[in-house]
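Protein chains: 2
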Amino acid sequence: MRSTTTGKPPIEEVLAGEESRRIDAYWRAANYLSVGQIYLLDNPLLREPLRPEHVKPRLLGHWGTTPGLNFCYAHLNRMINQHDLNMMYVIGPGHGGPALLANTWLEGSYTEVYPNVPRDEAGMHELFRQFSFPGGVPSHVAPEVPGSIHEGGELGYSLAHAYGAAFDNPDLIVACVIGDGEAETGPLASSWHANAFLSPKQDGAVLPILHLNGYKIANPAVLARLPREQLDSLLRGHGYTPYFVEGDDPAPLHQRMAAALENALADLRTVQHRARTGSEHFEPLRWPMIVLRTPKGWTGPAHVDRLPVEGTWRAHQVPLSAVRENPEHLRILESWMRGYRPEELFDERGRPAQDITALAPSGTRRMGSNPHANGGTLLKNLALPDFRDYATEVTGHGSDLSEPTRALGRMLGDVIRLNGHERNFRLFGPDETASNRLDAVYEATDKQWGAETFSTDEHLAREGRVLEVLSEHLCQGWLEGYLLTGRHGVFNCYEAFIHIVDSMFNQHAKWLKVSHALPWRRPIASLNYLLTSHVWRQDHNGFSHQDPGFIDHVVNKKAEIIRVYLPPDTNTLLSVADHCLRSRDYVNVIVAGKNASPDWLGMDEAVPHCTRGAGIWEWAGTEGPSEEPDVVLACAGDAPTLEVVAAAALLREHLPNLRVRVVNVVDLMRLQPVTQHPHGMPDAEYDALFTTDRPIIFAYHGYPWLIHRLIYRRTSHDRTHVRGYQEEGTTTTPFDMLVLNDMDRFRLVIDVVDHVPGLGARAARLRQLMRDKRIQHRAWIRSHGEDLPEVRDWRWPY
Amino acid sequence: MRSTTTGKPPIEEVLAGEESRRIDAYWRAANYLSVGQIYLLDNPLLREPLRPEHVKPRLLGHWGTTPGLNFCYAHLNRMINQHDLNMMYVIGPGHGGPALLANTWLEGSYTEVYPNVPRDEAGMHELFRQFSFPGGVPSHVAPEVPGSIHEGGELGYSLAHAYGAAFDNPDLIVACVIGDGEAETGPLASSWHANAFLSPKQDGAVLPILHLNGYKIANPAVLARLPREQLDSLLRGHGYTPYFVEGDDPAPLHQRMAAALENALADLRTVQHRARTGSEHFEPLRWPMIVLRTPKGWTGPAHVDRLPVEGTWRAHQVPLSAVRENPEHLRILESWMRGYRPEELFDERGRPAQDITALAPSGTRRMGSNPHANGGTLLKNLALPDFRDYATEVTGHGSDLSEPTRALGRMLGDVIRLNGHERNFRLFGPDETASNRLDAVYEATDKQWGAETFSTDEHLAREGRVLEVLSEHLCQGWLEGYLLTGRHGVFNCYEAFIHIVDSMFNQHAKWLKVSHALPWRRPIASLNYLLTSHVWRQDHNGFSHQDPGFIDHVVNKKAEIIRVYLPPDTNTLLSVADHCLRSRDYVNVIVAGKNASPDWLGMDEAVPHCTRGAGIWEWAGTEGPSEEPDVVLACAGDAPTLEVVAAAALLREHLPNLRVRVVNVVDLMRLQPVTQHPHGMPDAEYDALFTTDRPIIFAYHGYPWLIHRLIYRRTSHDRTHVRGYQEEGTTTTPFDMLVLNDMDRFRLVIDVVDHVPGLGARAARLRQLMRDKRIQHRAWIRSHGEDLPEVRDWRWPY
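Chains as they are written, first to last, in the numbering used here: chain A, 1 to 798; chain B, 1 to 798.
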């Protein structure tokens, strides 16, 4: 192969004999340590013949991918030393935990974080015993492993994480191993295109290493079975120059891998050098990558029980499954481990030999100690403007209209301006930033776009703080990688389609939960979701775009991690957003409207209301200063708030003696008891807000059951009647959506009449009137009537 | 370009002058009807000059993709007629609803389904008015549109649906338009590889049409900006021969499109012919595809308000946004519509001209009437074996162990055998079928695999009933496409990773919900999920693999659609599976274990228990025949059932006078009131099971709040204490997982002691003993102790 970008002939023989020997020794040491972790409880250096009791009673772990990961690690170490590289390692097949544990122990990073696992025989004993063992360490590259930002158990997100880490780190190279199994997933398949968004000037580089070991758990991998020419065509089509390193004989493979990495680095430097010194005119970039084709379970047992293992799917987990019981398995294990010649690799005290540790970089150049992989250590506070500066003026509660996200867009524009020199804030979105009415950010920045541009394009540039790609997976993966390496960001998305990343959210929330318990992992910026174009306002798309269930999904995760906000108007949204941008180690979900809707609170009211998270809106209700109300109308979300205020107005007019309290909830987690969520309200406070004995009609943005779940331990639970989205919808008017789901103002008034006892004849007449209004509305819709334009008005229909 | 598979020169001029004119007229008619739907309330044939009141007050719809969809439809019609093709049309950019409404109306399919929209002026008036209008039809290609199996609002699933439809339909060609926006999504990116699984012999063909109109909502599309050579390389790398059709001048484009389709069909027939007549030896297949590059909003206004519209993202939705208010917009609209020369296209009664309708195929050859797109009309009942034949023998309640999914695998193997000739059942899985212990199916069939095979491979064949690919998105998309075209299937998946398809499930559930209300859409087979390798038994993977929240996600959808089953052992799993395979129009979620676990019920007990869905296990409890129990121990799921039975045994020994009732729930929806779910239990029945006044300790498989949600209207709700997964986990032992999440037998006994009043000193001592057991267990884990092997035994720890 030729390096297409440099035009120079490729480098083919780069390792001198001694270097080749040492790199092989390093690799054997890592392999030895990997096998030891999977199998051994005792006798780590095989000082005596292996006996069944030296072996773990339960064998758990993944061998298949591990020797390949070790091979890459050894060669990347060499490159780091050779070229003084700032390099991180993202491991797609992160279930190959033994590899990273072995390598970080070999290079010393592991012991620095975990002094109870020293680099000697006692440490090796503990390294082995703790692995995938009760009370020990997980079998995957979990948050516990230094140097990692990626778990790799679920598969699919490695390359997106790698690009996220590379953005705005111009000196960083993120080596990213992609398993051929992982390569079949959708998120990974779309991640190849991330190179169309990377700036070779201001961002770092990603070096993908596609590791074709040929098999998944039980099947061959698609990419591994493509004809070589077709695979080459595919990867070039993705915009990469692939360097193929293929074989199973270690000696020539070391040469080929070293040469391929040298070629790749030369290409990568050429791309960067041109961009950083040259003109701005467009030329398609071609980034290098490695294709490493080696046997699955390489260097492991070739056959077990007469079946082929090395080079097949049978090597995926534990090649020898019955070592304690089967003497032949025990024999194979011992000969396998001794085949690495541990006596050459470790000294008499069990320390890795000097010439092996010399191959590892030192200090923060070690991949296990690279500060980017413990992003909290690099995190700087955002410079934030005063969010009050973007306030909308409120002449009276509900008298004016504004578009909440539009104001937020102006604020985010200034966040971008103020942190421009730090380059540590980005806005991510699946082609929806303008649709979500955040387009004021384009006065401060552009959308980063590395492909060709046309004269009709707007706001596209080689560098910009906004990343837009029609893949929620990429947005989420990039943002996670960006946050985990110590930066800040917001993901704006249509509410319904955030479910696309449900599982990615799960993994990030789990990562945060585990990291919380690791003092050496420093806090990182929260993952902020701005969900808009929400269920109640998807007028022109209809049913497929209507789903408020992400909140339900989120609240299943640990309370320490998750926060949910439903600001009802512009000023509350600004206040909430400011709070979220300052927070650490959370997942913040903000659901807000983009359409013109009533401004309820001036900024002077919005700030204390958001600080409390929930409060009484006296101006909307009709309770006297000292009496208990007859009924509480509660609301969370912009559409429910409008309907509740409108219902309260109807009640004020028609039942003037009824004392109505209106409670608005911004911070949903306030509803939970303080024992269940850090934001939870003490019972006394809750009861003061919601009363202890009056009916509560609660209009909620999402599926109604969630409110029941959050409040089920409250005294007033049985008296709380929740309205929300009932999975009814189509392409229709906003008000019709409310009627279809029984959350319109008329329905809420009926609920009040039905639940407040002793209201008498006037209330019965009101109930009938409300019922008629609903029937009339539906008849109107059936006859293809259009909605009244005043639906946004809480005074409608007077 | 050359056709690489035939070696023949490509066809370049295929349309005679008259044919070219007619196809253009057809296309103009469809475009005219599309614009009319978006804009017009009245004056559909422009018989009078356009006035503001003829225009809809609210303009909602997507124009940008529509002319391209119309172009494809017209040309595919021609191909169907020319070659008598059995062809379906899957529209990735399904938000381009006007296109399919226009075409199915033109060809007559629409009017056959909706006689209220005849093919005349009155019908055209209604076609226009109803579109994206309150009380009308959705703006997308929703279930209401005949000929469609794909909504297309969310984007990403078209190609997977197309392949799903093609499996086992050897005569079918599924034309699949993929938008360049959609092509950025992960699921679509991975779908290209579906050709590695398609059998050219026994399956039909998919003809992808990548439509590069250049833009998404507000951004250029990545694939549209790749250099042509790179795009070609990419698509060839995916295994396709791309035929490029590029330009904006209709006349030559018609020729090019017709030629490209002829070439593609020739290639496709060559691939199929070789496979169907030739040898079995492997050769890489190269399927044809079309790349259609035309301007976004083609034939629409070039400029509006001095900004370019046609060929830019501004054409995405409604190019003219203020037609009622802005006379210039009105003028442009009129001239745009008149530019299609409606007077040539429709006769004096508004009927499409004869030579236009003649271009459409007739009967079921029309894509809007293809029976595959209304799969229920083709659906045949599965031939099912007697599930009792796979029963495990039960010598006593909990005396024996078996692996539930292993028995199910044997049954599914026979389902495959019995329906082999019909070829209408498939098993889908992301490389987990063997891991999920369903591998007995490989005695009946193979895994279908179209790429190269090696001698070490097992159970791979050119045709097989099992499809395994490491993409939950592909599994789900294929299965949906397979079901929607009238076949049956099961998706087996690790429980945690089914969240990857949360959003796809949403869309399918919404599709089913809407279809229910359409009598012409016939019922289809249910979508069956078998979730195993579940949260309580992910010992060697740990935290990333532990998430039981899919059930929570599912129950947010309409009760008519969703069913959730938690069979606690082998025989109940068999009974539940049989029930699900017979059902229609549901989404069935079955969560079951794969590990050896106690058999609780013989088949004679399992069947009535599953039929009831929930029941008392007298043998496990200690209540007398006539008395009320003191406490109810309820369980749902295999791990909770084991712990509840163990807790009941502990109570029997230590508190022999306590009357304990054990209730097991298989059908989770039984817990809901009958008013909320068709399977819901009447209150009287529920109270008879759970008592009206005794404490209930409920051990549940998933997040505990779900049980509260399901039962919150029950009398006994406040006395129900639920244990479940609390998002605690790591790589540890099964029993430790239970302790970490407070659902172990000891904890349940403590709960009983805490909630049953007046138990006295003996109970207090028992409580202390249980507490000690838990502390002892944790100490043991902390000291790296291994789990007792007997954890599977409910009698442990005696």
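Possibly wrong hints are sitting among the right ones.
Note that identical chains are pooled: a pair holds if it fits in a single copy or bridges any two copies.
Claimed, not checked - List time: in silico SDA-like cross-link candidates among lysine to any residue, alpha-carbon distance up to 25 Å:
1. Lys558 / Asp585
2. Lys513 / Ala461
3. Lys513 / Leu740
4. Lys380 / Glu229
5. Lys558 / Leu50
6. Lys513 / Arg22
7. Lys513 / His540
Because the hints were derived from the structure by calculation, they are not lab data. The structure displayed is predicted, hence computed values, not measured ones.
Here's how the hints hold up against the structure:
1. Lys558 / Asp585: Classified as within; 12 Å inside a copy, 35 Å across copies.
2. Lys513 / Ala461: Neither: 37 Å inside a chain and 44 Å across chains, both beyond 25 Å.
3. Lys513 / Leu740: The answer is between: 15 Å across copies meets 25 Å, while 39 Å in one copy does not.
4. Lys380 / Glu229: neither (47 Å within a copy, 43 Å between copies)
5. Lys558 / Leu50: neither (44 Å within a copy, 60 Å between copies)
6. Lys513 / Arg22: neither (40 Å within a copy, 64 Å between copies)
7. Lys513 / His540: Classified as between: cross-chain Cα gap 19 Å, same-chain 39 Å, threshold 25 Å.
The structure is inconsistent with the numbered hints 2, 4, 5 and 6, although it conforms to all the rest.
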